[in-house]
Each structure stands twice: as structure tokens, then as C-alpha cells.
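Go ahead and model the full structure; you've got the sequences and the hints to work with.
One line per chain: the protein sequences are A and B, in this order.
Quick note: the first sequence uses this note's numbering, first residue 325, plus one each step.
Quick note: the second sequence uses this note's numbering, first residue 6, plus one each step.
Derived by calculation from the structure, the hints in this document are not laboratory data.
Mixed in with the good hints, there may be bad ones.
What the hints assert, rightly or not - In silico DSBU-like links for lysine-lysine, alpha-carbon gap of 35 Å or less: (1) B:Lys-346 x B:Lys-424; (2) A:Lys-428 x B:Lys-147; (3) B:Lys-279 x B:Lys-376; (4) B:Lys-223 x B:Lys-147; (5) A:Lys-335 x B:Lys-370; (6) B:Lys-89 x A:Lys-405.
Unchecked claim - Label pairs and their calculated CB-CB ranges: (7) A:Pro-416 x B:Trp-121: 51 to 57 Å; (8) B:Thr-180 x A:Pro-416: 19 to 25 Å; (9) B:Leu-295 x A:Asn-331: 49 to 55 Å; (10) B:Asn-368 x A:Pro-416: 21 to 27 Å; (11) A:Ser-418 x B:Ile-427: 37 to 43 Å; (12) A:Glu-404 x B:Tyr-272: 51 to 57 Å.
For every residue, glycine included, the Cβ atom is placed at its ideal position computed from N, Cα and C.
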Amino acid sequence: MMKVITNNNIKCTIALAALENVIDPEIGLNVGDLGLIYNIDFDDAKSKIYVSMTLTTQFCPMGESITGAVKRVLENTFSEKEVQLHLTFNPPWSHERISEEGEKYLNL
Amino acid sequence: MFSANSNSSVVKNTTHKVVLPFYLYAALSFLVATVLLSFSTGAFTQHFFHPQILAITHVMALGWGTMIILGASHQLVPVLIEGKLYSVALAYASFVLAATGIPLLVYGFYFFDVGWPAQCGGILVNLAIVSYLVNLGYSMAKSKSENVHSVFIFMAALWLLLTTLVGLLLLYNFTGTILPNDSVHYLPLHAHMGIVGWFLLLVIGVGSRLVPLFLISKYSNDKLLWVIFILINGGMLTFIISFLYFPKNYYLLPVIAILFAIGLFGYYCYQCYKQRIRKRVDEQMKISLLSVSMMLLPMTILFIIIGLQVFGNAKVNLVIVYGFVVFFGWITAIIFGMTFKTLPFIVWNKVYHLQAGLGQTPNPKDLFNSKIFLAMSLGYFVGFILFIFGIYLKNILMLNFASIFLIMAALLYNWNVIKLLIHQPAR
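Written out as C-alpha cells, the structure reads:
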């Protein structure tokens with residue numbers, strides 16, 4: 325089960341399904357199952373989506389590419405919304421955030 | 006709660022246009038070195054101070070080892086300092102200066118024309134290192150984050166500059182008397198500043214960041230890294246003082262300090278491996294981890310050389326084996342492993358950066374041919390072992406045979422590097 329906090333479960337499920345296409349190229353696992361997404365909040369009044377996410381390490385050389393892809397995929401999925409992405413390392417990512425599917429994939 | 010600016014704290018990658026020429030130059034240098042090796046096998050049965058051995062050593066140390074490290078570090082510095090590279094122009098300058106200087110220097114050594122071509126080459130190489138050091142220093146000064154890895158890199162770059170400055174001095178000492186002794190006398194000083202001060206310090210500084218990164222390991226131990234840092238730099242300073250002012254018997258002290266540092270780094274890597282999240286370790290990481298243990302091979306040979314020297318019985322061919330094991334063994338194995346861990350990501354970022362998430366994109370590891378990588382590793386391993394025996398036994402036939410394997414490994418390495426560099430997305 326993915327551990328994402330949201331104010332709209334239905335839209336969050338759609339968002340996470342779309343984010344299955346965003347793969348961390350080193351690990352080969354999508355950002356959702358990897359547990360990189362902390363929050364997805366939808367503000368319908370302002371037509372905005374607020375995403376809070378992290379990376380497996382602060383030094384990740386693919387960070388720019390991964391965050392860019394998350395933003396792009398969500399903007400494509402919810403075309404009328406503007407995505408505001410916040411990258412945080414507090415709390416830092418840990419392997420406990422990996423979903424059961426991700427654990428199976430990584431042989432944990 | 007949320008920042009309006011996306012990617013606010015994400016690492017800003019250096020443009021691939023700066024980094025890739027270094028990789029290509031290094032790959033071609035490795036091929037040139039193996040070809041020169043095959044033309045110079047006879048030299049490996051003589052004294053280590055031989056024009057052809059000097060030329061090959063400098064192709065390996067500068068064209069191969071240093072160029073690829075400079076390229077990779079332009080990419081990695083922003084990752085390590087959590088900032089961005091200070092100047093792309095300085096990075097280009099260091100490439101152009103080194104790329105022009107190295108062939109002049111190597112030509113000078115190979116034909117032992119230590120006049121203007123070699124001197125001019127030496128000056129250009131020094132200017133390249135100054136450009137790199139200035140770029141590194143400013144990048145670090147502008148970054149808000151300080152960490153042990155970036156200190157390792159900066160110190161290593163200082164040692165590199167010291168190495169090339171001493172090298173230039175030795176070059177001028179060939180034609181005019183500048184130093185109290187002849188240049189051959191100072192070769193161990195020049196060589197070990199480069200091998201330990203530059204290569205070892207840098208490999209540990211960068212490796213201690215990349216190994217846990219690629220293994221996705223939970224392990225981190227900055228205190229241990231600081232101990233390693235002090236042991237290596239302390240060992241090097243002791244070595245220089247011993248070399249200049251005290252009898253050679255004192256060499257054992259720095260060797261023990263450095264050997265201990267390597268042992269601690271081995272322990273660091275083992276802990277990273279043990280506490281890794283990713284269970285499957287790919288071939289490139291295996292070779293990189295193997296190269297850590299390969300550090301012990303030249304150190305063991307050095308112990309034997311020093312031991313024999315104490316009894317006044319050091320064998321010249323053992324010294325050549327030592328140099329060969331450093332450049333064609335340890336440094337080459339690290340580069341083999343790390344090229345195919347870092348270059349595919351740089352190329353992937355260049356080609357697929359804007360397509361990520363919008364459709365099927367290949368994995369970075371699929372951008373090169375893993376079978377060719379395996380064949381390259383095999384050819385290299387056979388050639389490397391045979392060449393060591395060839396040097397020790399002074400057997401030209403074995404040396405010739407071994408050099409064919411090494412050329413084959415270099416060709417396969419170039420094949421995969423060029424395949425990566427020209428990669429285009431499938432239509």
C-alpha cells in the first residue's frame with residue numbers, strides 16, 4: 325500500500341496510476357511504489373495540485389529528470405490544473421516507504 | 006507550506022556538452038595506450054626509466070585516468086556540493102588545454118624530445134589543472150553545503166596540481182640543472198603525489214558517495230572518511246619529508262598509513278554493501294567494488310619493493326609491475342566500472358530528459374551492450390594477468406600476446422562508449 329497523504333482519495337488514485345510511468349531509472353521502480361511521493365493535495369478552487377515529494381538521496385543526479393517527469397505527467401493527466409511541486413528531504417526517504425509491490429520487485 | 010518554485014533544491018546537472026568530450030578523449034587515450042604498449046613490449050623488459058614507458062604512463066595517467074575523472078567530476082561536483090558548477094567556460098578551457106598538452110607531452114617522452122614539445126605540453130597540462138582547480142574552488146565557495154566528499158575532491162585536485170608542477174620542474178631539469186639531483190631521482194616523488202594524492206584521494210572521495218548511491222545503501226560514516234583523509238594526507242606528507250630529508254627506510258611509515266586507509270575504505274564499502282537496499286548488484290558495480298580490493302595489489306608489491314630495497318636488492322622489473330598494476334590494474338578497473346555506471350545516466354538525461362514519464366523510455370543500463378562489456382572485462386582480465394607475468398619473467402612473446410588482449414579490451418570499451426555517445430531515441 326502506498327503511503328501518500330491526500331485530501332482527495334479518488335483523484336490521488338488517478339494521479340498515482342499516472343505516476344506509474346515515472347520510473348527511477350537507476351532502481352527501475354516507479355516513484356509511487358518507491359515511496360517518493362509524500363503528499364498530493366488538490367485545490368479545485370484555484371485549479372492547482374500541490375505535490376510534496378522526495379528523492380532516494382539528496383545527491384540524486386537524476387533528481388531534475390524525475391521531478392520534471394512527475395510535474396509533466398500530472399499536468400498531462402489533469403490538464404486544467406497547475407502543478408506546484410515541492411521537493412523535500414524532511415523527512416528523508418527510507419526503504420520503509422517502498423510499497424509491497426515495490427518490495428516484491430526489488431526482492432526485499 | 007509549498008514552494009512556488011518547483012525543483013528548488015534539486016541538483017543542477019552540468020551540461021552534457023562539457024562532460025562528454027572528456028569521456029571520448031579518455032576512451033581514445035586508452036586505445037592509444039594499449040597500441041603503444043604493443044609497440045613497446047621490449048621496453049618492459051628494461052629499466053622503468055625508458056622513454057616509451059614514460060610515454061605510456063603519461064597517456065594512462067593523464068589521457069585516460071585524469072581526463073575521465075575531470076569529465077566525471079564536472080558532472081559529479083554539483084551532486085557532491087549540492088550546488089552548480091561555477092563556470093562552463095573554465096570546464097571547456099581545462100578540456101582544450103589538457104587535450105592539446107597531453108599529446109605534446111607524450112610525443113616528447115616517446116621520442117625523448119624533452120625540448121619545446123614536451124615543455125609546451127607540460128605547461129598546457131598545468132594550465133588545464135589550474136582552470137579545473139579554480140572552477141572547483143569557486144563552485145565549492147558558492148555552495149552552501151560542505152561535506153567530506155567535496156573536501157576530498159578539492160584536496161585531490163591540489164595534489165594533482167602539485168604533481169603536474171613537479172612534473173614540469175622535472176621536465177626542465179632534463180635540459181637545465183634546476184634541482185640538486187637528476188630527474189630520475191625525483192620520479193618516485195612525482196609518481197606517488199599523482200597516484201596517492203590525486204587518484205587515491207579522489208577515488209575514495211567520489212567512491213564514498215557513489216557506492217552507497219548506486220547500491221542504495223543506508224550506511225554512512227563521515228567520521229571514518231575523515232580518518233581516511235587524515236591518514237592519506239598525513240602519509241603523503243610523511244613520505245615527502247622522508248624522501249627529501251631522511252633515509253629511505255622511513256618509507257614504511259607512510260606506506261602503512263596509506264595501506265590502513267585503504268583497509269578502512271574497504272571496510273566502508275563492505276558496510277555499504279551489507280546495508281544495501283538493492284539486493285541485485287550489477288556487473289559495473291561488481292567491477293567497481295573489485296577495484297577497491299585491487300588497491301591492495303600495488304600496495305603489497307610496494308611493500309615487497311621497499312623490503313627488497315632495505316636489503317639493497319630491489320628488482321627493476323618489480324617496479325615496472327608496480328606501475329603497470331596501478332595504471333592498467335586499479336585505475337583501469339575503476340574506470341571500466343564507473344564509466345558504465347555514470348555515462349549511461351548522462352546520455353539518458355541528454356536524450357530522454359523531456360520524455361521521462363510520457364512513454365516508454367529505455368533504462369540507462371540498456372543504452373550500452375552488456376555482452377560487449379562482459380567480453381571487454383574478460384579480455385582485459387586475461388591481458389592484465391598475462392602482461393604482469395610477461396614483465397616479471399621478461400618474456401616478450403607473453404607481453405605481445407597480452408597486449409593483443411588489452412587492445413581488444415580497449416576496442417570493445419571504445420565500441421560501447423561510442424555506442425552511448427551516438428545514442429538516439431528509437432522512432
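Hint check: Lys-279 (chain B) vs Lys-376 (chain B), CA-CA at most 35 Å. Holds or violated?
It holds: about 28 Å lies between the C-alpha atoms, which stays within 35 Å.
Given the hint that Lys-428 (chain A) pairs with Lys-147 (chain B), does the C-alpha gap stay at or below 35 Å?
At roughly 43 Å apart (the allowed maximum being 35 Å), Lys-147 (chain B) and Lys-428 (chain A) break the hint.
At the C-beta level, are Glu-404 (chain A) and Tyr-272 (chain B) separated by a distance inside 51 to 57 Å?
holds (55 Å)
Between Ser-418 (chain A) and Ile-427 (chain B), does the C-beta distance stay in 37 to 43 Å?
holds (39 Å)
Range hint 21 to 27 Å: satisfied by the CB atoms of Asn-368 (chain B) and Pro-416 (chain A)?
The hinted range 21 to 27 Å holds for Asn-368 (chain B) and Pro-416 (chain A), with Cβ atoms some 25 Å apart.
May I ask you to test the hint 19 to 25 Å on the CB atoms belonging to Thr-180 (chain B) and Pro-416 (chain A)?
violated (58 Å)
Restraint check for Lys-89 (chain B) with Lys-405 (chain A), where alpha carbons must lie at most 35 Å apart
holds (31 Å)
Check whether the Cα positions of Lys-346 (chain B) and Lys-424 (chain B) lie no farther apart than 35 Å.
With Cα atoms ~15 Å apart, Lys-346 (chain B) and Lys-424 (chain B) stay inside 35 Å; holds.
Range hint 49 to 55 Å (beta carbons of Leu-295 (chain B) and Asn-331 (chain A)) holds or violated
Once the Cβ atoms are compared, 50 Å apart, the range 49 to 55 Å for Asn-331 (chain A) and Leu-295 (chain B) holds.
Hinted pair Lys-335 (chain A) and Lys-370 (chain B), Cα distance within 35 Å:
holds (34 Å)
Within 35 Å, alpha carbon to alpha carbon, are Lys-223 (chain B) and Lys-147 (chain B)?
holds (29 Å)
Can the suggested window of 51 to 57 Å be confirmed for the beta-carbon pair Pro-416 (chain A) and Trp-121 (chain B)?
holds (56 Å)
Hint compliance for this structure: hints 2 and 8 are broken, all remaining hints hold.
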